[in-house]
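Numbers given in our numbering equal positions in the sequence shown, counted from 1, plus 588.
Because the hints were derived from the structure by calculation, they are not lab data. Every residue, glycine too, gets a C-beta built ideally from N, C-alpha and C. Honestly, I wouldn't trust all of these hints.
As the list claims (entries may be wrong) - Dumping the calculated PhoX-like pairs for lysine-lysine here, alpha-carbon to alpha-carbon at most 25 Å: (1) Lys-689 - Lys-646; (2) Lys-689 - Lys-643; (3) Lys-669 - Lys-680; (4) Lys-643 - Lys-680; (5) Lys-668 - Lys-624; (6) Lys-624 - Lys-669; (7) Lys-680 - Lys-624; (8) Lys-668 - Lys-680; (9) Lys-646 - Lys-680; (10) Lys-624 - Lys-689; (11) Lys-668 - Lys-689; (12) Lys-689 - Lys-669.
As the list claims (entries may be wrong) - Label pairs and their computed distance ranges (CB to CB): (13) Ile-652 - Ser-676: 17 to 27 Å; (14) Gly-662 - Asp-609: 35 to 45 Å; (15) Ser-676 - Gln-608: 34 to 44 Å; (16) Gln-637 - Arg-677: 15 to 25 Å; (17) Ser-676 - His-704: 19 to 29 Å; (18) His-665 - Gln-637: 20 to 30 Å; (19) Asn-618 - Ile-702: 14 to 24 Å; (20) Asn-618 - Asn-649: 14 to 24 Å; (21) Gly-662 - Thr-628: 17 to 27 Å; (22) Tyr-691 - Leu-629: 31 to 41 Å; (23) Gln-610 - Arg-677: 31 to 41 Å; (24) Asp-675 - Pro-654: 29 to 39 Å; (25) Arg-677 - Gln-608: 18 to 28 Å.
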Amino acid sequence: MMIGWWKRLQDCGRKLQFNQDQIIYGVYHNYESDYKGDYTLSIAIEDSQGNPSLKIPKNGNYEIFPVDTTDEQGVVHTWKKIWDSEDSRTLKRAYTYDFEKYYPNGDIEIYIAIEH
């Protein structure tokens, strides 16, 4: 979860002057094992020029979890739901690229790579 990092990104974004209409991603990759192990967290911005700062493979299958943004802890609660689903074996994660997608209108979705 990038909750602590999100505040830092917002502070950094003010300095870098992100456009308010850009989609921002928190990308989880290079997993050591599962969600309990180490991984890499990268921040990426979707720009209108089509120049990716990080490429996410397009051939992956994803389950999309919408975040209840009316809940202050919506991202945390959504991740807990994901972990519970995995622990109960109803979600079979691929551990390739997972990401949080932050839309300019305030909506948030979490994309979880799943096994084929």
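Violated constraints from the hint list, given by number and in increasing order: Numbers 14, 16, 18, 22, 24, 25, in rising order.
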